[in-house]
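Colleague: Sequence:
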Amino acid sequence: MLTLVLFVGILGLILYKLTSKPKNFPPGPFRWPLIGHALKFKLADLPTHLVMQDLKRSHGNVTGFFMAKYPMVLVSGLAEIREALAKPEFQGRPISEVNKLEKERLVRPLVNDLRRTKQLYEKLPLVPLSLGFTGGSRKLGRQPCLLWLADDKGGVVFTDGDIWRDARRFTLRHLREMGMGKHSMEEQIQEETRALMKDAKRMAGDDWSRPVPVHDLIAASGVNIILQLIAGYRFERDDPRMSELMKLVKKLTMKINTSGGLASSFPILLRVFPWLTEYPAFKVIRDEIRQYCQGIINDHEKKLDENDASDFLDAYLIEMKKHGETSTFNSWDAPNVPNWFHALLSICKRYLEIPIPQSGTVGRQHGSYSGVMERASGSEISPETPICSHLDFTTVRKLNKGFFSFLARQLIGVVNDLFIAGSDTTTGALAYGILNMVLNPKIQNKIQDEIDAVVGRERLPSSDDRIKSVNTCLIIRIEQHTPFKDRSIAPPWMYVELLGSQFFPGMPYTDATINEILRFANVAPLAVPHSVLISDRDVTFRGYNIPQGTRIIINLFDLHMDRKYWGDPDNFRPERFLESNGTVRKDEALLPFGQGKRSCLGESLARSNLFITFTSLLQNFALRLPEGVPRPSTEPEGGLTFTTKPFSIVMKPRNV
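Mature numbering (1 follows the signal peptide of the UniProt record, and there is no 0) puts the sequence shown at residues -20 to -1, 1 to 636.
In case anyone wonders, no lab produced these hints; they're calculated from the structure.
Quick reminder that beta carbons are idealized off the backbone N, C-alpha and C, glycines included.
There could be a bad hint or two in this list.
DEER-style ranges, computed between Cβ atoms [said to hold, decoys possible]:
{"id": "1", "residue 1": "Asp429", "residue 2": "Asp288", "range": "43 to 49 Å"}
{"id": "2", "residue 1": "Lys422", "residue 2": "Gly141", "range": "49 to 55 Å"}
{"id": "3", "residue 1": "Gly141", "residue 2": "Lys632", "range": "52 to 58 Å"}
{"id": "4", "residue 1": "Gly185", "residue 2": "Gly547", "range": "38 to 44 Å"}
{"id": "5", "residue 1": "Lys3", "residue 2": "Ala175", "range": "57 to 63 Å"}
From just these sequences and the hints, can you work out the full model?
Modeller: What follows is the structure in structure tokens.
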């Protein structure tokens, strides 16, 4: 009897531990032992964003749940979302458990090789097995530098901390220098739009009678604009490399799961039942697109002029060379060593050449490491030479400022991010814009009337057409009437005063329609997941305690489709963004590009691209559905980003 009582008691304690939630955790569904809420996402016959909607309706605007043992918080509602996006503690990105598993798999054989392979020891200026981690925002555990460099993350979108900050600052500055947000970039968008319209003629036939598949028509434009910005050239539309890149970008975004997926919640499945997860297929596609980006970088480096940065890749490659890095990690010729390990060796090699500040938290040890150091350097090691068994990450950054931010894998990540975030999202929004024009011909006609009145038919629209600026001058006449308005050329008896510039809405209805497209399309329905940065304490949000490392999901879909706020969110109605006097209304609940430090860095490019391409199509064509074709669905398809389901249109030139 006592044994039974003990058994039941122990079982009860285990179940309590497995089903309990952290103290003052946000309300949410029951936490099932071991699995949490993971099977709900796997078994539900609904897309992820609609499962999130069910959670919000049942538990409120701040909902807590678990994917296996990992805590998640879903944030919905205007006030809650804006507060979460502005909160400094929520600016991290999740660390994938699959990613950790892969890093361990990569590191383990290398560590064993280091222990038994004399050849590798002779190449090492520093034994990396003892590198410790005492600073920074991440607690990476044992062998952290090895693990960090084995990380498959990189770029701007999925990184955080100093790596993200350096990458974002560098990328934004140089993209602006290369034309983003300037008239030169708009000219490239217009040129790409002309190519799109030529392609439309080819696809529709000489009599414009054949239906044109919208996705096939517009996908190349987004890719080419990004390629022009970062690499200084574009693909012809019949170039097989263009088709390959578009397919890879599409496949990758379809495979990304915002909730993390089963592989992230149960990484053990990758060893036992990998077929239950989508991660193996995702990894294949991810590696393919990285190899593709690496190929673009390698081709670009062959013709690099270090004295003349003509595009973004030039600027990044030059910066990498300043830090002693190459695009292929070939500075160390150790056979069968992963690329990221070459980077570690480079750090160690250069670290020996830099004096260590006395205030640095670097452990020094001379014992058994001296022999290794002497063999590596080819000379005796003096007592003053720093030999490290424990190396503070923060100190490494001070001694090698920017190195971690300008590794070759980081450049591949940045290029990958720009292609996905810059082309796929804009293409999705444009597809929804075209779809809603053929479903709402009256709205299409009103936009075309506005385009004809403001732009005409002789030139393509530009972003300047959205808002017109008129200088207001006051001319004080003293002796006679004159036509002069320029103070510098006015005669002595004239005085001209510039009162200022007044802005008049040039195309308010079209501008409001663009906003409605961005709201209705919900291209990034759950944004990119945030996470709570690791610190010495939990974070408080809306009266709840949010544990360190919790994944924060921003429910933009709910915000943009909230009936309490919009009234009729399922209807495409541009008038909701117009004031009573006809001017465009800025709505704080429209956040297609996010908000705060983590907002999309390419917002200005995306808006210009969408406005110019969309208005140019309507300026030149009347868009209609093919006769006898069922009405296309407005339901989305996609993974991390949304677009329309495939549909075709008939394009009739308006100048005929």
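Colleague: State the violated hints by number, sorted upward, taking the hints as numbered earlier in the document.
Modeller: none
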